[in-house]
Amino acid sequence: MEKDIFEEFKASVSELFQNMFDSTVEIAKNDADKNGYNAELVSFVGFSGPGQGIVCMEFPTATALGLVSKLVETDLDEVGATVTDGVAEVVNMVAGNAKARLTEEGAPAVMLGLPTVVVGENYKLQYPKGAKLSEMHFRSSYGNFRMRVSFKAVDKGAET
Amino acid sequence: MKALVVDDSTVMRKVLIGALSRAGFADVDEAADGTESVEAVEKDEYDLVLMDWNMPNMPGIDAVRKMRELGKTFPIIMVTTEAEKARVIEALKTGATNYIIKPFEPDAIVKKIHDTMAKAGKPIA
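Order-wise, the sequence lines are chains A and B. Taking our numbering, the leading residue of the first sequence gets 1, the next gets one more, and so forth. Taking our numbering, the leading residue of the second sequence gets 1, the next gets one more, and so forth.
It should be emphasised that the hints constitute simulated quantities derived from the structure, not laboratory data. Quick caveat, the model's predicted, so the values are computed rather than measured. Please note that a few of the clues may not be correct.
Below, simulated DSSO-like cross-link-like pairs (lysine-lysine); rule was C-alpha separation at most 27 angstroms, straight line [stated by the list, open to error]:
{"#": "1", "chain 1": "B", "residue 1": "Lys-85", "chain 2": "A", "residue 2": "Lys-152"}
{"#": "2", "chain 1": "B", "residue 1": "Lys-43", "chain 2": "B", "residue 2": "Lys-93"}
{"#": "3", "chain 1": "B", "residue 1": "Lys-72", "chain 2": "B", "residue 2": "Lys-119"}
{"#": "4", "chain 1": "B", "residue 1": "Lys-111", "chain 2": "B", "residue 2": "Lys-122"}
{"#": "5", "chain 1": "A", "residue 1": "Lys-70", "chain 2": "A", "residue 2": "Lys-3"}
{"#": "6", "chain 1": "B", "residue 1": "Lys-93", "chain 2": "B", "residue 2": "Lys-112"}
{"#": "7", "chain 1": "B", "residue 1": "Lys-85", "chain 2": "B", "residue 2": "Lys-43"}
{"#": "8", "chain 1": "A", "residue 1": "Lys-152", "chain 2": "A", "residue 2": "Lys-132"}
{"#": "9", "chain 1": "A", "residue 1": "Lys-10", "chain 2": "B", "residue 2": "Lys-85"}
{"#": "10", "chain 1": "A", "residue 1": "Lys-70", "chain 2": "B", "residue 2": "Lys-2"}
{"#": "11", "chain 1": "A", "residue 1": "Lys-10", "chain 2": "A", "residue 2": "Lys-152"}
{"#": "12", "chain 1": "A", "residue 1": "Lys-34", "chain 2": "A", "residue 2": "Lys-152"}
{"#": "13", "chain 1": "B", "residue 1": "Lys-2", "chain 2": "B", "residue 2": "Lys-119"}
{"#": "14", "chain 1": "A", "residue 1": "Lys-70", "chain 2": "B", "residue 2": "Lys-111"}
{"#": "15", "chain 1": "A", "residue 1": "Lys-70", "chain 2": "B", "residue 2": "Lys-112"}
{"#": "16", "chain 1": "B", "residue 1": "Lys-43", "chain 2": "B", "residue 2": "Lys-122"}
{"#": "17", "chain 1": "A", "residue 1": "Lys-3", "chain 2": "B", "residue 2": "Lys-72"}
{"#": "18", "chain 1": "B", "residue 1": "Lys-119", "chain 2": "B", "residue 2": "Lys-93"}
Using the sequences and the hints, build the whole thing.
Structure representation (structure tokens):
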């Protein structure tokens, strides 16, 4: 049975929070939880190979500070190199975990790029043409955040 | 005992240094990519290396290969998001001693370090 790409990404976020943040996440349902914040830090990573796309995570500053503070076991109160590096690592772990979930045994692995971080809200990502796009809103004890996933399987005949 | 942490993420290096400290390693060096790590092991003696896979300049898998070609016998634990079975096998065939997938529970990596050192005949007291 074909795996649900977006469910695998959601599961990857849940596993990350359980393992590294000693916490859980849930899907935000009401509009305030979904859109009642500004996402000032955006981390994303691209896929290539048999699956192409982008996973993009958008964090309000408070959420990013809380998450990275937990990782480095130090209270951080402003966005600097450590925080941007931390949110890059968060998207890297989510993407890596999802990639493994989506790769069938014996099949060529999807390749991950290196993560990139944008500080600020004015950005635009160009998603791969023809890719399915999903936006997920999460609630956690560290604060709310969003994830956008764009993913498409590459037709082997189209690669040549 | 002395360890080397190799990861392009400063945050992940801090996480791993914390884990090594809890495991009993007081002396830890850092490298930000495979190239830096190979230079480090040529200069210094290490009892353990924690190695990321995806890094700029030189990926971790190539650094593992270089270290083994240099005759280094210390245990190397791959600490990576590369979770596919084929990747694990590739790493072990190349010379990695053990493997842990990110994200990991804090206790899991400490246990992995202890197990790896015990198997290498250098148990941490």
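Each hint tested on the structure:
no.: 1; hint: B:Lys-85 / A:Lys-152; in the structure: 22 angstroms, holds
no.: 2; hint: B:Lys-43 / B:Lys-93; in the structure: 25 angstroms, holds
no.: 3; hint: B:Lys-72 / B:Lys-119; in the structure: 16 angstroms, holds
no.: 4; hint: B:Lys-111 / B:Lys-122; in the structure: 14 angstroms, holds
no.: 5; hint: A:Lys-70 / A:Lys-3; in the structure: 32 angstroms, violated
no.: 6; hint: B:Lys-93 / B:Lys-112; in the structure: 19 angstroms, holds
no.: 7; hint: B:Lys-85 / B:Lys-43; in the structure: 33 angstroms, violated
no.: 8; hint: A:Lys-152 / A:Lys-132; in the structure: 6 angstroms, holds
no.: 9; hint: A:Lys-10 / B:Lys-85; in the structure: 21 angstroms, holds
no.: 10; hint: A:Lys-70 / B:Lys-2; in the structure: 26 angstroms, holds
no.: 11; hint: A:Lys-10 / A:Lys-152; in the structure: 17 angstroms, holds
no.: 12; hint: A:Lys-34 / A:Lys-152; in the structure: 25 angstroms, holds
no.: 13; hint: B:Lys-2 / B:Lys-119; in the structure: 17 angstroms, holds
no.: 14; hint: A:Lys-70 / B:Lys-111; in the structure: 20 angstroms, holds
no.: 15; hint: A:Lys-70 / B:Lys-112; in the structure: 21 angstroms, holds
no.: 16; hint: B:Lys-43 / B:Lys-122; in the structure: 21 angstroms, holds
no.: 17; hint: A:Lys-3 / B:Lys-72; in the structure: 42 angstroms, violated
no.: 18; hint: B:Lys-119 / B:Lys-93; in the structure: 17 angstroms, holds
The earlier numbered hints that this structure contradicts are 5, 7, 17.
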